[in-house]
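Sequence lines, in order, name chains A and B.
Note that the numbering used here numbers the first sequence so that position 211 is 211, with each residue one more than the last.
Note that the numbering used here numbers the second sequence so that position 41 is 418, with each residue one more than the last.
Just so you know, these hints were derived from the structure itself, not from any lab.
What you are looking at is a predicted structure, and each value in this text was computed from that prediction instead of being measured.
A few of these clues could be false.
Below, computed lysine to any residue pairings styled on SDA-like, alpha-carbon distance capped at 20 Å [unchecked claim]:
1. Lys-161/A - Arg-379/B
2. Lys-161/A - Asp-380/B
3. Lys-47/A - Asp-425/B
4. Lys-538/B - Leu-5/A
5. Lys-19/A - Pro-628/B
6. Lys-111/A - Lys-488/B
7. Lys-130/A - Lys-396/B
8. Lys-488/B - Glu-7/A
9. Lys-396/B - Asp-700/B
10. Lys-111/A - Lys-464/B
11. Lys-464/B - Thr-441/B
Sample of chain A residues lacking proximity to chain B, with all beta carbon distances greater than 10 Å (derived) [to be verified]:
12. Leu-151
13. Arg-157
14. Thr-281
From the derived model, a few chain A residues whose C-beta atoms are all more than 12 Å from chain B [said to hold, decoys possible]:
15. Asp-113
16. Asp-149
17. Ala-220
We put the beta carbon where it would ideally sit given N, CA and C, even for glycine.
Here is what each chain is made of, one letter per residue.
There are 2 protein chains.
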Amino acid sequence: MRDFLSERIHGIDTSEIRKVFDLAAKIKDPLNLSIGQPDFPVPQPVKDAMIQAISDNRSGYTPTAGLIQLREAVSEFLKPKIGYEAKPENIIVSTGVASILFLLFQTVIGKGDAVLLIDPYFMIYPALIKYHEGRQYTIPEHFGKAEVDVLREQLKRDGVKLKLIMFASPSNPTGKILKRDQLQLLSDIAAENDAIIASDEIYAAMDYEKTHVSMASVDAERTVTLNGFSKSHAMTGLRVGYLAAPERFAPVVQKMVTLQQYTMVCSPHVMQWAAITALKTPIEAELALMKKRRDLVYGILSKVTKLPYPDGAFYVYPDIPIDSAEFVTKAIERRLLLVPGYIFSANRKSIRISYATREEILEEGAHIFCKMVTEYS
Amino acid sequence: MRDFLSERIHGIDTSEIRKVFDLAAKIKDPLNLSIGQPDFPVPQPVKDAMIQAISDNRSGYTPTAGLIQLREAVSEFLKPKIGYEAKPENIIVSTGVASILFLLFQTVIGKGDAVLLIDPYFMIYPALIKYHEGRQYTIPEHFGKAEVDVLREQLKRDGVKLKLIMFASPSNPTGKILKRDQLQLLSDIAAENDAIIASDEIYAAMDYEKTHVSMASVDAERTVTLNGFSKSHAMTGLRVGYLAAPERFAPVVQKMVTLQQYTMVCSPHVMQWAAITALKTPIEAELALMKKRRDLVYGILSKVTKLPYPDGAFYVYPDIPIDSAEFVTKAIERRLLLVPGYIFSANRKSIRISYATREEILEEGAHIFCKMVTEYS
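Isolated chain A (complex conformation) (with noise of 0.2 Å):
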C-alpha cells in the first residue's frame, strides 16, 4: 500500500504529550493540575446570550471574518487597552486563537522565515514554526538588552531577519507578564527587522495585580492583538478568537478572511453572539478565586523551588531537580498530573501546575510536587 501521508504533514506529531495522557487516563481518581482551562462555568449572562442567539435562529453562516457587531464590539473593547480603534474590516474572527495563529502562520510564514519565541512558549508557537518549515529562534523570558544584543548578533551572524515576533503575557506555562520595559526592547527588534509582532493575551484577563500593558499600547503599528474568550468566560469548547491589526497589516488579515472561506468557514454563530455578551460580562467572583489559588500555590511551591513569580494566567513553572519527562511520570505513580515543562522549553527541569481546580485537590498535589522535589534533589 501506498505512503498516502503528505510530506508537510509528517512534521507534526504529538506522541510525546500523547505518552503522558495515556498513563494519565490509567489511574484512578487523579489529581489532575494540568488542565488548561478554567473550571468555572461560562457566565449566566454568557449562557443566556447563547440561549437567545439559538430561539432567534442565528444558526446561518455569518461573514467569513465575523459578525460586523461583534467586530465592533471587539474594537471597542480593546481601544482604552492599545490605544487606538482597530477598524472592524482589520479584525477577523474565527474559531479560537489557535485557529487564528494558524491562519496567520499559514498567510506569513514560509520556509525559513525566522520567528522569535520567547523561552519558555506556548507549545503550539514551535509546533506551528516547524510545521510551516520557519526558522525558530528564542529569547529567555527575563530578557532585558544584554539578551537582546545576543539575539541581534545571532541575527547578524545568520544573516537573517525576523518575519514574525511571537509571545503570550501574561505567559502560558509561567504566568509572567512581561515589563513595559521589556516590550519596548521587542518593538526594537521588530523595528529593525521590519517584522510582525503577534501579542497572544488570551490570559490578558486574568491579571491579579493590575499589570498588564498591550503590546500594541506600546507598538501600535507593528503589533497584531489575539485575543478570544476560552479562558476569560470559560469557553474553550465554544471556539471564539480573534486578531485585530493595524492599517500595515491590512493585506495579511485579508488575506486570513480569505483562506478562513476554505477552512473554518465561520467561528459558531449563536457563540458569536454569546462572545459579544461577554466582552461587558465581567468575572470578579472567578479572577477573586483564580488569584487565591495562585497565592496558595505560589505559597507552598516558593519555599521549596524557585518559580517565575506567576503575575497572571492560572499556571506556575517550578524548577525541578530532575528531567520534567521522568519527573512527571514518577508523579503519575503517586496519582499527580502534571505537564512536562520540556514542550514548553529547551529547558527540561520545570513542570506546569495548573491551578485551575478546586483547592484541596491543589493542596494536596502541591504537597505531593514539594516533596518529590525534596526526594530528588
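Using the hints, position chain B against chain A.
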C-alpha cells in the same frame, strides 16, 4: 515595506466572486437565488439539545477528534448507508465539512499529487487542489465507461497515478445524484490508482426520489465519507462536520486529528451534542417543502433551457446562451442574484440557481431568468 505574505497564500483569491457580491450588495430588494443554505430554521429538538448542553455546562474542550458519543452515533447512522460499522477512532469531527476537507488535503495532498474531480465540482475542491499544489483532472458528470477510458489515457500519457478522487453526490451545483454504475467506475479507477475516494455527502439528506447511493457501499475499502449537519438541519453557521474512514486510512485520520490540535482544536462543544440529536431528528416537512420548490423551478426552467435533472440538494444548474460572468451581471441589473457557472466548471455557460427560498421569490426569479435566456439566445 516588505511583502509580509507567504508564497503559498498568494495562490488563493476570491476577488472574482467578491466582485459579484459587491455588485449585488448595492441593489435593493433583490431576488436572491444565490443562497447556499436552507431557509428553514434548525428543527426544534436540535435547538432544545443545544439549550440543554448550555445548561449542562458543555463548554469545555471535547476530545480533539470529537465527542465519543457523537462518533458512535455517526457510526450507527452511517452503517445502513455504507454497509459497515466505522470504528469511532476512524471518525473525526471538525468545524464543518470545509474544515474536514482542509485537514484531509493538508494530510494527503502535496506538490504534484493528482486529484480527480467531477465537473461541475463544488468550487472549494479546485481551490484546495491549487492551494496544495496538486494536479487536477476532471471527468464530466454524465461520465460512463468511455469518459473514464479517456481519463485513463490522460493519466497514462502523463505518467500519473491519482491520489484522491473527490466529489459531491448529490452535487453542488447541479443536484445530480451519481448512479450506482458510475460509482462502480470510480471504484475501478480508485483500485487501478490505489487512490482515496472522498465522498462528500453533505446533501445526501436532500434526496427527493430516494436514489442516493453512498460511495462506501460500493467501495468500503477505499472510501472516506464526509457529511455534516449544515444542510440537513440548517446548521451551516454552527460548524459540525465529520469524516468516517475504513481501517485502510486509519493513519490519515490520526494525522488529521493531530493537525486539528493545532488548528480548529475541536468542533464547538454545544453543537456536537446538538449533532447527536440531529442524527435522530427527521426533516420530512422541510424535505417536502424543498421538493415542491424543486418541482416548481424545474418545471419553469426546463421549458426554455437544458439542465441536469436535479435529483437532490437544493440547486438547479441550467445552460445559458452567454458567458456566465456576463449573465450574472445582467441579472443583477434586474434584481436577480445568481451564482456564475464558471466557478464550478471549465464550461462557463451555466448558472447555479438555489431554490432554498420562498416560492414567490423563486417563481419571479425563475421567470426573469427564462426571459433572459430567450432574449440572449
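Against the structure, the hints come out as follows:
| no. | hint | result |
| --- | --- | --- |
| 1 | Lys-161/A - Arg-379/B | holds (11 Å) |
| 2 | Lys-161/A - Asp-380/B | holds (13 Å) |
| 3 | Lys-47/A - Asp-425/B | holds (14 Å) |
| 4 | Lys-538/B - Leu-5/A | holds (15 Å) |
| 5 | Lys-19/A - Pro-628/B | holds (18 Å) |
| 6 | Lys-111/A - Lys-488/B | holds (15 Å) |
| 7 | Lys-130/A - Lys-396/B | violated (37 Å) |
| 8 | Lys-488/B - Glu-7/A | holds (9 Å) |
| 9 | Lys-396/B - Asp-700/B | holds (16 Å) |
| 10 | Lys-111/A - Lys-464/B | violated (37 Å) |
| 11 | Lys-464/B - Thr-441/B | holds (16 Å) |
| 12 | Leu-151 | holds (19 Å) |
| 13 | Arg-157 | holds (21 Å) |
| 14 | Thr-281 | holds (14 Å) |
| 15 | Asp-113 | violated (8 Å) |
| 16 | Asp-149 | holds (23 Å) |
| 17 | Ala-220 | holds (16 Å) |
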